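> Here is how the chains run, residue by residue.
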Amino acid sequence: MSITYLEAIREAQAKLLRDDKRVFIYGQDVGGSFGGAFKATKGLAKEFPGRVLNAPISEDAMVGTAIGAALEGMRPIVEMQFADFSSIALNQILNNAGTHYWRTNIPVPITVRLPSGGTKGSGPFHSQSMESLYAHYPGLIVMTPATVEDAYTMLIDAVAIDDPVVYCEHKYLYYHLKADGLPNDGMPVGRARIVRTGRDLTIVSYSAMLHESLSAAEQIAKEGFEIEVIDLRTVKPLDTATVLASVARTGRLLAVGESFPWGGVTAEVIARVATEGFHLLDAAPARVNAKDTPIPYHPNLWSTHRPSAKLIATKARQLLRE
Amino acid sequence: MLQTARPKKKSQPKAPAHEKYLEAFRWMLLTRTFEEKLASMYRGGRITGGVYIGKGQEAVSVACGIFLQKGDIFAPLIRDQAGRSAFGEPLVDVARTYLGSRAGPMRGRDGNIHRGKPRDGQLAMISHLGAMVSVVVGSLMAKRGRGERNFIGLTTIGEGGMQTGATHEGMNIAAVEHAPLVVVATNNHYAYSTPNDREFACANLVDRARGYGFEGYELDGTDLAQCLDVIGSAVKRARAGRPPQLVVASILRLAGHGEHDDFSYVTDDIRKEPFAIDCLQRAEAFIKERELADAETLQRWREQAAEEVENAFSAAQSEPVPSGDDEDWSAISRRDLVDEIGEGGSS
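Protein chains in written order, with the numbering used here: chain A, 1 to 322; chain B, 1001 to 1347.
The reader is advised that the hints may include incorrect statements.
[Said to hold, decoys possible] Reference excerpt, derived from the structure (chain A facing chain B, CB under 8 Å, subset only):
#	residue
1	Glu72
2	Met74
3	Ile194
4	Gly198
Derived by calculation from the structure, the hints in this document are not laboratory data.
Here the structure is a predicted model, which means the values were calculated and not measured.
Even for Gly, the Cβ is constructed at its ideal location relative to N, Cα and C.
With the rest of the complex left out, here is chain A:
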């Protein structure tokens, strides 16, 4: 059996709906026979009547509704049609869900699914990676699964967590990634995974950038360097200990992320290593991000805007020379 990243997300939701009566899915076009813009809920409305509900084009109210339901004991999953549109719901996610536990001592167990990241031709408003923005605010857990297995187990984890979770699923991985089957258990939430071991340089990545980073590591392996590649899995909490331990072995750090460069996950990784592990570094840490412009439409522009294995490899070679 072969299963894609997208199918894993669907299967996780099917399991959640089957196992937990508190779960329902709310979002644009998720219900009926349509099953979502990307088909992540295909067939679920029929299998679970009344629990997979189409919502109006009202991202703010979708999340507000989920918050209210969560306060009454439900475990809502909100599907944003594209991560980009969650900007309309920022107020509910950040100011309502994100502050609620702190203010009232009552957590808000909502999961907001964000189909994230770039694909060819999607342009400025259907390509964004918003994990850095959500991670900046207190009160949220931000997941960025990079594998089929993690897409499955982390979504199940997300719904089980009493606090609000922003689950960033990468659209580029929807069909590109396949696994032989789905695991029963995953790694603990908040723990990064060392995907490839190495002694010369640590690349810290997550989501689709894991695969670009692995590809870069493969290229450079032919040149005699062994690169360690870490998948953060969740960007908040950020597994600083695993990153520091890796840098202690390699002495060099390259942080890679697809979101915009200013103040994002990569900046945070470097800040932590520089402040807590400066003595471990043999060279100045570096990072690769998307460019500081809106995300372009034409594939030629998009493939340059987005960090690629080639760019990551170039940056890694520079670091290895220092």
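Chain A is already provided as a structure; the job is to place chain B on it using the hints.
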């Protein structure tokens, strides 16, 4: 068919039972007494941050809380002390929140009117107007999903808050989900300092009800009898499964946006409008005119209100306030998932 009904100009709403009227009056009196004390403490520098009172809005507000039952959801806003009290919020919790007591519902982490007890159906508002409308809808959907019956939700908004996208999305989704919801919108004629003509351009805010699929009603918010009648009826209709209800009340805010605001922007002309009448004074005059309570009783109620207010502040003032050093600085309940960024929030 959905109707946007308006009371005919000359018709008088049926006065509700005198007992309800007097009960409501006493909540209004308690609120006015409490908020006068709050304002005085603010002027004396004894309250940090802002003080936001509902002077002139007590009749509308009390009618929002007084018909709610256990199991209902109430999402009040900043001028709803009367309604909060009528729905069961202990006055000491209000004093605790303003003074930042650790024993209060917000434990010094949030203040003034940003308070609630969600487990008791009292949602804790955020400052972003309109955000609570959809939250109430979600709570009602969950209750319906669990098979609960005979519950409603009531949330309040002002004419200023009615202009936000969140209110629009929330009201629309309420109707789409057939939520048993009452939205009470009070037009106090100013969004902070901005008058109605710079807030909206429709002829009448209640006309929006039909557009959303609500039933809409208007009332004179200075008249307690009308507030109880119209809002009480809307609550009954929502409980009976009618479409969501919008009630638009007209008043003048008889204080600043907060106590820091001298509301000098309120024109002399508008102060002479019928909607500028003080609802509490009007209710008291009504009680005297109808001889629903004698002067001695009214005086006793005043004294009892003053005593209750003193007790609330006295209790809250004796309680410990939070300490930055002892605080549990965790914004999530899962302590094992707290991001360890380093002491003091910096690495």
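> Among all the numbered hints in the text so far, which are the ones the structure does not match?
3, 4
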